[in-house]
Structure formats: C-alpha cells, structure tokens
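Residue numbers (my numbering), protein chains in the order written: chain A, 8 to 344; chain B, 8 to 344; chain C, 8 to 344; chain D, 8 to 344.
Just so you know, these hints were derived from the structure itself, not from any lab.
Fair warning: there could be bad hints in the mix.
For chains that are exact copies, the list does not tell them apart, and a pair is met inside one copy or across any two.
Below, computed lysine to any residue pairings styled on SDA-like, alpha-carbon distance capped at 20 Å [what the hints assert, rightly or not]:
#, residue 1, residue 2
1, 344, 41
2, 26, 266
3, 344, 53
4, 150, 71
5, 201, 175
6, 201, 323
7, 176, 206
8, 205, 15
9, 70, 176
10, 14, 147
11, 39, 55
12, 201, 141
13, 150, 201
14, 54, 311
15, 39, 17
16, 201, 147
17, 14, 35
18, 207, 55
19, 344, 27
20, 330, 297
21, 115, 281
Given the structure is predicted, the values throughout are model-derived calculations rather than measurements.
If you want the building blocks of each chain, they are given just below.
4 protein chains.
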Amino acid sequence: MIIVVKKDCEKKQLDNLTKWIKSLGLRIDLSKGDNSIIMGLIGDTSKVDIDLIRSLDIVDTVKRIQQPYKLANRQFHPEDTIVDVCGHKFGGNNFQLIAGPCSVENEKQIIGIAQAVKASGANILRGGAFKPRTSPYAFQGLKGEGLKLLLKAKAETGMPICTELMAEKYIDMFEDVDIIQIGARNMQNFDLLKAVGKLKKPVLLKRGLANTIEEWLMSAEYIMSEGNDQVILCERGIRTFEPMTRNTLDLSAIPLLRELTHLPIIVDPSHATGLNRLVDPMSLASVGAGADGLIIEVHNDPTHALCDGAQSLRPEQFDALVKKIDVMLPLVNRERK
Amino acid sequence: MIIVVKKDCEKKQLDNLTKWIKSLGLRIDLSKGDNSIIMGLIGDTSKVDIDLIRSLDIVDTVKRIQQPYKLANRQFHPEDTIVDVCGHKFGGNNFQLIAGPCSVENEKQIIGIAQAVKASGANILRGGAFKPRTSPYAFQGLKGEGLKLLLKAKAETGMPICTELMAEKYIDMFEDVDIIQIGARNMQNFDLLKAVGKLKKPVLLKRGLANTIEEWLMSAEYIMSEGNDQVILCERGIRTFEPMTRNTLDLSAIPLLRELTHLPIIVDPSHATGLNRLVDPMSLASVGAGADGLIIEVHNDPTHALCDGAQSLRPEQFDALVKKIDVMLPLVNRERK
Amino acid sequence: MIIVVKKDCEKKQLDNLTKWIKSLGLRIDLSKGDNSIIMGLIGDTSKVDIDLIRSLDIVDTVKRIQQPYKLANRQFHPEDTIVDVCGHKFGGNNFQLIAGPCSVENEKQIIGIAQAVKASGANILRGGAFKPRTSPYAFQGLKGEGLKLLLKAKAETGMPICTELMAEKYIDMFEDVDIIQIGARNMQNFDLLKAVGKLKKPVLLKRGLANTIEEWLMSAEYIMSEGNDQVILCERGIRTFEPMTRNTLDLSAIPLLRELTHLPIIVDPSHATGLNRLVDPMSLASVGAGADGLIIEVHNDPTHALCDGAQSLRPEQFDALVKKIDVMLPLVNRERK
Amino acid sequence: MIIVVKKDCEKKQLDNLTKWIKSLGLRIDLSKGDNSIIMGLIGDTSKVDIDLIRSLDIVDTVKRIQQPYKLANRQFHPEDTIVDVCGHKFGGNNFQLIAGPCSVENEKQIIGIAQAVKASGANILRGGAFKPRTSPYAFQGLKGEGLKLLLKAKAETGMPICTELMAEKYIDMFEDVDIIQIGARNMQNFDLLKAVGKLKKPVLLKRGLANTIEEWLMSAEYIMSEGNDQVILCERGIRTFEPMTRNTLDLSAIPLLRELTHLPIIVDPSHATGLNRLVDPMSLASVGAGADGLIIEVHNDPTHALCDGAQSLRPEQFDALVKKIDVMLPLVNRERK
C-alpha cells in the first residue's frame, strides 16, 4: 500500500500519521517525489482502513500495491535510484561499462587488462577471485590472493572493483571491494542476500538461471529489506531449450524492469551468449533496449584463459565496441561519465 | 560437402565434374562468389572420394559440411540472399518495415491503417485474413473476404501485402499476395512448407514456439529444396518459463543466424512481447542486434481490435518509432529504401 | 456454462428451455449423468440470465465454466468417454496397448512385428507411413505404399491400425485406418484438426512439443467442435532444457487431465525418452500415474531401423514389459481386454 | 579413467601402481567389485600413458571416463551405495518413506504428525525449521526453536529427522539432525556443498529448479570430493513452461540416474506438483519408475498450514497411499524395512 501525502503538509500531521501506522506493526519506506511524499507501507496492510486514511487532509491518494515487492517497486519510489560507485553512477541517464577478465590469474594479467579497458572507457574493473565452477575439480579462483591482485590493479589504475562473493564467511575480505557481485546460482541464497543487505556497499544482483522477473525483484527486496538499497540488477541470460547459446539473453527484461522497479539494470552479454562474436551485436541491442550499462569479459589472451575464454573479447575488440556504443548512446538519452 | 572451384576454370572440366557428381545421385547447388564458384553437394556425400576431388586441377578446396542444412547454409552461399518484394529488398544493407493490424476487420480499417503506416515508412502491409486461434470459438479471420480487402488496400496504396497461409488448400487464393507468411505453429507443417517451396513467391518463415535455430533452418531447407530460395526468417519469441511476457524474444538468434545462413532475418516484437509498451525498446534492440527488418502490429483503435489489441501500436506511436529507428540505422550500416 | 436439469423433468419443458437457449445463438451439448441431464452451453454465454434459468422448475443447478474448453471439459460430460476401436476400448477401466515400428519398411517387417506384438498383447498396430522428419533429406516414409502394407498386416492379424496423417490432402487414403494420429508438430495445425473433426473416426491427438495442457485441450476442442468426440490424448514428452532425454515425459499431465477432461489419455514413452532402456520404467510409471494405455515402438532389428531405432524395443523386450504391466494393472483398477 | 585390477593380484604390485599414480598428482578412489578392484583416478588423467598401464600384469582393463563426475559415477563404483540412517537404509532393494509437515509450527503439531506418519510407515520425519521463502516478508521458519521441536519429536517417536540447512553458519545446530537436506535453490551453493561434504552425515541433495542431471551429479561430486559419500538424490520437479503444476516432475531422471550413478534417488511429489491430489498418482508413478523412496508432505490441518498447505496430504490420506505403495513394491523388487 502507498499513501501519497501532499508535499506542503504540516510536519505534525505527518508525524501523527506515521506514528499511527507504525502502531499497526507496519514499516514505512519514505520517498520524496516532485510534488509529493510517498509513504510505502510494508507488512500486513490488510487491516489498514483505507477509507480512513483517504479522509485525512494531508493525504492525496491511497493505493494498494499488488506486487509482493515493495521497496524495489517503482510505485514506492518513482525516481530512478542512482547507485554511485566512487563517483561513477548507475541509473538515470548514465551509462556505465564494467570490464575485465573472467578470473584474476596473475598480477601482470589483471593490471594489463585493467589499464587497457580503462583506456577504452570502462570505469569499473571486474575479475573473479572466487569462481563458481560446476565441477569441484575445475579452477576455483585465486580467492584471497585474487582479491589482493584486484586491489593492486585498483591502486594502479584508480578503477573501482566489482567481484563475486560466494559465501557469507568471506564478507570481511570484501572490505575494499566496491561492488559486491551475487552470482546467478546464488540469486536465491537468502542468507547471503540478507548478509549483503546489511552492508553499505553496492550489490550487483545477477538473475538466476531460471528465475522469473518477479523472483528476481523479491531477491532485490531481501537485500533492501535489510537496509541496503544500492542494488544494481544484471540480466545474464536465462536457461531455455536452445543449445546454440550458453543461455538465452532476455532483453525484454530491461524495459519491463524499467516500469516495475527504480533500480538500475545492466546486461552481461558475455555469460549470456558464451560466444565472443555475439558480444558486439548483443551489446548494441542492450543499449537499444535501454540498459543502464554492460559488464563485459575482456582477456588479453582468450585461448589461454583459465576459464570462459570463448566468450572473452580481446582488448582491441572491446575498444572498438565502446566506440560503437558511444555513437549509439545519445539516441537513447544516455551518456558515459 | 562444398567444392570450391577456381572461377577461371574451363567450362568443359566443370561440366565433367558436374556430370560425375550427379552420377553419384547427388544434387548440386551452384553459387558464385567473388573469385570462385561454390558447388554445394546435397545427398549422401559419404561415398564421395574427397581426396580424388581435391586432386583435380580446377578444384580449389573441398570441405565437408557438418550442419544438416545445405541450401540455407552460408557455406553453400556466402553472399547475402536479397529477397526483392516489388522493389523493396530484404537482406544485404537494406532495412524493411512491414506493418499493419493483427487481423483485417473491414475496408475502412485496413485502408486507413495502410495509408498511415505507409506515410510513416512501412513499405509492406501485413494483415491477417486467416487467423490461427488457440480456441475454435475465437474469431478465425475474414478469410477470402479478408484477402480481398488486403488487395483493395494494395490497390489503394501500392503497398505489397504479407499475410498468413494456414493450409495448402487455400494456396490458389494467395495468387496476388506478395509475401506468404508461415506462422509459428506451422513451422514444422512439412507438407505446407513443401507446397510454398514450389511457388515462386517470397515466404516469411516464423520460428516455432519452441523450435531450435537448427530446426528453423531445416524448415527453411524444406522450402528451398523444392526450388524457392526467397525465404525471410522471422524471430517472434520463444516459449520459456517467464510469465510476464507472452514469449521471450531471442535476439541472439539474429547474429547467430547471420553467421549460419545467407537468408535475411527480421523480428516481430509485437507477438514476441505481447505488450505494446515493449515494442519500441525491443525494436531498437533488434536494430542493434543486426536485424534486416521488423514486422509490427499497428491498429488505429487497439482497445477494440478483434485480436491482440494489447500488443498493437497506434499509428502515431508507430510513426514516432520509425523516426527513432531511422536515426539508428546508419550506425548499423543499414538504410531504408 | 452448464445447466444441470433434473432427470425426471417433462420433455416439453426441456424442449422449451432448449429452444430458448438456441434462440440466443448458443449451441447445446447434451450429456446424461446418473440422475441428471447436463446441458453444456457453447458460445457467448455472458448474455444468459443465470438467475432466470435457476428459477426454472426443471433446473437443478447452473454454473459458469471458466475454462475455455467446453466439449472436452469433464464438467460438460462427467462420465469417462470410451473410445471403441474395433471392439478394443480406451477409457474407463480399460487399458490398451498400441505397438509397432516407427516406420513401415517392407511387408515382411510390418507383418512380422504385427504378429509378434499381437502375441504379446498389443491390440492395435502402429506404424508410420507418412513420417514427419526435421530434414527434407531424411526418409519421408513409404506413404501410400506404407498404408497398403499396414492394411496387409491388418488383414493378416486382424489388428486395427493407427498411423499418422500429416496433411488434409491425404485424408481419403486413410479410409481404412482405424485410429488417425495427429502428430506433435501438428497439434495446432487448426485446419487439419477441423478436417479430422469432420470424420467419424477415432483420433489420437499428441501433445505439442511445448504446448500447455490447456492448449492441448483446446486442440481437442477443435476436433470435437466439428462433431468428432472420439479423441484419445497422447502425452509424448515436452521440450525442456535437459539434454539427456529427447523430451521430458510429463506424467503429472495424466492425473491432471483425468480431472479436467473425460477423454482417455495414453502415453508414448518411446518418443518421450528417445532411449529404449528407459521405456520399461517409464511404462510402469505411466501405469502408476493412471494412464489409459501406452503406444510403444517395437522393431525386430532396431540397429537397422530406418528411423528412431535407438528408442525401439525388440519384440522379446516388449513381451517382457507387457508381463510386468499385467501384474501392475489390477492395482490401478485396470484390465486389458 | 578407471583401472580394473584383478582381485587376486599381489599387494606389492598394487602398492607400486598406486604410488606411481599418486606421483602423477592424481587421487585414487578405490571400489571393490565381485571379482575385481576398481581404481578410479581423479585429476588430470590426460598425461597418463594408458597403454603402459594396460601392459601391467595385474591390470585387467583401463578405460577413460568421459563424464566429468567420477566419485558419483557408477563406473567408479558399480555397487549401489546404501545410505544407512539409524538403521533405515536407502538404496539397493530398500524403499524408504520420509514424511512430515512443510514447516515445524509447534510442539503439538510436529509430535502429532510424527506419530501419525510413523504409524503409517514413514521411518523418517521431515519438517522445515529454516524455510527458503521467495519473499523476505514470508514466515522464515522457527529456526533454532524448530530444530528443538524436531528433536523432541525424535525423542518421542524414535524417528530420525531430515531437515534443510540453508547456510554454513548454522551447521553446528545440525549436530543431532540425521539427514541434512540441501534445497533446490542451494544445489549450486558450492561452499555449502563443500561444508556438508566435510561432515559424516547423510545429505539429501535436491535437484535445482533448472539444473541438468549432469550438473546435479557434479553437485553430488562436490559433496563426495570432501569425503562424504552418503548422498541421497531427490527429484522434485523442474521448471518448464507449463503453468498448471508448480514444477514438472521429471521421472525419467530416475532410471537415467540409476545407470549413471550408484547413489540412491528418491522423489518429492509434493513440491513437484504443488497439488495434494496429484501426490498419490505421482507417488505410484515414482515407484514404477524405480525410485528408492519418497519424501511427502503431511499436515493434520492443511488449510491452516503456515506454508504449502495446498500440496500436503492429511494423515489419513498418507496412510491410504502407503497401503497402495506397499502392494506395488514387490513388483519392482523393493521392500520397506
């Protein structure tokens, strides 16, 4: 349920209303629009007397929200949420590029790639230190050592870093990570979501292999309900019957989410397609669909990458792609800063 | 198997080779590239002595083709196929727009919409006369009467028409139809494919609800194997678990098909999403992905449309969309003519 | 909408009600239950004054039917439909076995297999004369010649035959076929459904590759709305992401359909799994789920079968399976006759 | 790779071979068959000289294993694994029933249901203390309090308990839990799998919403590679396009897994279908398919259950089902003990 309150209302009346609502055991999420204040109510609103509230002077409108997500709901928060990562913004009319290798392999590799992608226009560096592998025998990532190397690259280039957190027990090691990524396979790892929800740090929430848009927003809701509203959604393809691509990139999720939520949405065309030669066209398609950014795998030597080389772009390919994206951005009212 | 023959070879030697291959019971599909002639062999090529062929003077290279589709295979035919519909071309660096209502309802409606979309930039008019409905009790289309009205609109505006053929018995009624559409539910109606394969008329082949890209190309192969190579593929979304959209638009199919086949590929964002407000972003995304065109539903009064009103654009919305598309086309090396 | 009329009502009053309903442009489907007559109304029942009807003496209850299928709906027809094929019954507490090769190859093969499966307990012979092949280059079946061979086997063994009809133009050739099969890829070939709906011959309607249970029942509705209520549904697996089986056999469809419809339902474990070693366990599972029968591929020489050998059982394997099924049938209140 | 060694070989020669293999950096998993010893090699076996090994006296055969799972692979371990839970066995020719409410609500409820299902034949009690809920606002379970109540029911009835562990941080609280369940949404929570792999306690591993059979076995491999081979697999339905059931129960997974792995496999028909009236037929179907057991939700008052009431059986329904199952078990060579 949302209560739209007139912006010029008396503070005392607003306080009374707030107190009464809380006495019903409900939480209030406040959002300021242009000419109104939106009070989003969370909890069992079935007992709220909607007509009573409507009758109050300061109340403009009251409306029941059908969707199970509230904090993530654009009706609770009409303005786009802007997630600021060391000055680089996601959301609104911004467009951000996150790039880097699938996994951190060694110092030379990570710093080299960081410098290359930064020069091309990526503001944020990605790299896996903890790798989710289907097989226990596959390379699991350099872990703590990988995080250290990412931080070296950050020191060297000034680029904020985005890397995946796979379990709550590692949270302390992520102190200096700028964006914590929650992987597709952990999209419904509810305890992990609550844990990152308690942090004051941006979270990149990847859609699960076969999770609906509603489930995805409920996972964002888990994070936000613990106090962290700096959530960036990331579409990375869903599982379907088509075997030619690793996943099926669901770009209609972008405009749909734009309506339903105020959170920024980016796209991972690398994991979605699994084929580097599809990254260019799907990146341009993502821009056309209205994405707030892209997260792209770049490796200087894809054939010898420790994982996912087949979907990585070489630095020069990434550079060429950014140039194409830059020509397209004005058409969709976006800019890279 | 393809045999690349040197372009300047002696005709007599080429004839000898051709005769010998045919004596093995194989069909030959000839394609001329810039500096070579490509002989595509169709049939049981396992008995062909590949080394023997390689040893011939006139032969440049020989290669076994793994994919089951041959005529539709870009390796058989490296050049883009251009499908010319009354002067309007699909393929190459062209971009075409097909627009019109989901079904033909009456003369005023179809002529009105035709005039509107033509003014906005659509070169070809779509409209359903025979409607595939899940329910036998739903409006099945005006059928023969619908075709007549489409032809009136064609006479009135000069626009070629594209409409769905649902069964072989109606083929004679489609004499004056310019593009025959094969609907998603008939993508594997093999007898129907063979029937349109015998015509000398462009066919718009929609992807089936849950058909793989390979099955789709094999259906194109059915049509082409009967002699008709004027096939335009149309991606219209595939069936997945996500309930928010009618289907899931699979845009990575575009660049994938670009590699695998020489046939033009367009997108139907209306049926794919089922929601008119997603048509704009998905149309722009399709352009970004490299599509050769779009087929969009437009209705002057969507709330009262006899079917699929929810996904139709109003003429003014279509007009605004075309303007946006036009700004984007140069970026992807396309032009509307 | 269904109107339950008291069984002992005056014929004159029933005739009046019937006439009035028809005057509203509605069709009536009559079904006799134990102590009532059920009038199922088909058409736009929104204008029917439900309270008026309720007030009539002869009327017991009136109820709106939400589902789009009516004739196929168990609420229209509470009794199980029994489809009688030359004395062999599908539905009720019967259990039927249909068996035979994927395609008819030659006289010796089809007669030999017919005799073998008959001896083992199959009452009906299957065999493909017209084969739906993904590739135009694959064996398309012996067609008319194949039908002749099936009829020879019928003459030889007395077994009724079940074979697939792929296009309306072949209908006359199916004069002596006892069960006309509509394949998965034609489940929404609406013109074909209407065509077999006009016949007085049992139809085996296979579920489409990715069609919902509701769409499946609407396809049965297409057939029934033309006058043919002898429809047997056949679950043959649906398309999913799992690559290890050809399709995913959806056995929960059996009990679900049992509730929703009065039509008999059988299972095809051969095409569903694509692996002969899964046919036994999935057949027993089908019996446990409450299926009315099975249609199983049997070939005397699977490694040399012209199609689908990998999923065929040898005659001795089929024989062993039938014995296991027979032990299980009493537990689910079924018998083979 | 597996090396089959003759059972009567000299210990000294076997030791030499073992030492040499380990020197290559490989792990060895030993399994004793009837007349041979199977050495399963884990690690990078590409460098192993297969012909050299074949030439050894004590070696019977050597074979490369294609599948990525080794410890879970039946080729590594031809005998069925029997998981013993306080004397109740899963696997071999045993059949086990686990039953109980979706979540533990209070002492009276859990003890009452435990007594009822025990009397009916369930040997193991299930009940959720930690509930995975799509929404953060939904009942999350009684947690530690719930575990205590389960242990009370265990003390009262003697029934071992099976309950879900959602995060590694709770592991110590599961000291007295007899079977630790890993839920569908955590099937690829790799750190959690490794954590339970370090325990000496049976693990019930549910298949993920949209995970392939191969991924499922690789998750079992994660657990086993840490030392815990007491893994019971549980099929609970997969996500598909069909909206009528909560998931689509994939029963062909049972016989497939029977071939590929030596681990026991049970079925959860409650979560798979989401509808209590489908539990009976799908349970019988599971028996027919060769399952090693069932885990079924039972609640004394389903309409007021705190979650998933719609799929729960009442105690008397469960009792009736067990009787039907018991009649069927001899047919599939199983017994309940």
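Checked hints:
Within a single copy, residue 344 and residue 41 get their C-alpha atoms no closer than 25 Å, and across copies no closer than 45 Å, so neither meets the 20 Å cut-off. For the homomeric pair residue 26 and residue 266, neither the shortest alpha-carbon distance inside one copy (31 Å) nor that between copies (51 Å) is at most 20 Å. Taking CA atoms no more than 20 Å apart as the test, residue 344 paired with residue 53 passes in neither setting, with 45 Å inside one copy and 49 Å between copies. In this homomeric assembly, residue 150 and residue 71 never come within 20 Å of each other (Cα to Cα): the closest approach is 46 Å inside a single copy and 32 Å across copies.
Taking the closest pair of Cα atoms, residue 201 and residue 175 come within 20 Å of each other both inside a single copy (10 Å) and across two copies (14 Å). For a Cα distance limit of 20 Å, the shortest separation of residue 201 from residue 323 qualifies neither inside one copy, at 40 Å, nor across copies, at 39 Å. In this assembly of identical chains, the alpha carbons of residue 176 and residue 206 lie at most 20 Å apart whether taken from the same copy (14 Å) or from different copies (18 Å). Taking the closest pair of Cα atoms, residue 205 and residue 15 never come within 20 Å of each other, the shortest separation being 33 Å inside a single copy and 61 Å across copies.
Taking the shortest alpha-carbon separations for residue 70 and residue 176, neither the intra-copy value of 41 Å nor the inter-copy value of 40 Å comes in at or below 20 Å. Taking the closest pair of Cα atoms, residue 14 and residue 147 never come within 20 Å of each other, the shortest separation being 53 Å inside a single copy and 37 Å across copies. Taking identical chains as interchangeable, the C-alpha atoms of residue 39 and residue 55 are never at most 20 Å apart, the minima being 22 Å within one chain and 50 Å between chains. In this homomeric assembly, residue 201 and residue 141 come within 20 Å of each other (Cα to Cα) only across copies, at 13 Å, whereas the closest approach inside a single copy is 24 Å.
In this homomeric assembly, residue 150 and residue 201 come within 20 Å of each other (Cα to Cα) only across copies, at 15 Å, whereas the closest approach inside a single copy is 22 Å. For the identical chains of this complex, residue 54 and residue 311 are inter-copy neighbours only, at 19 Å across copies versus 61 Å inside a copy, given an alpha-carbon limit of 20 Å. Taking CA atoms no more than 20 Å apart as the test, residue 39 paired with residue 17 passes inside one copy only; the shortest distance there is 15 Å, against 70 Å between copies. In the homo-oligomer, the alpha carbons of residue 201 and residue 147 lie at most 20 Å apart only across protomers (12 Å), although the nearest pairing inside one protomer, at 24 Å, exceeds that limit.
Taking the shortest Cα distances, residue 14 and residue 35 sit within 20 Å of each other inside one copy (17 Å), while across copies they are farther apart (60 Å). In this assembly of identical chains, the alpha carbons of residue 207 and residue 55 never lie at most 20 Å apart, being 32 Å within a copy and 51 Å across copies at closest. For a Cα distance limit of 20 Å, the shortest separation of residue 344 from residue 27 qualifies neither inside one copy, at 44 Å, nor across copies, at 59 Å. For the homomeric pair residue 330 and residue 297, the shortest alpha-carbon distances inside one copy (18 Å) and between copies (17 Å) are both at most 20 Å.
Proximity of residue 115 to residue 281 under the C-alpha cut-off of 20 Å is found in neither arrangement, the shortest distances being 25 Å within a copy and 49 Å between copies.
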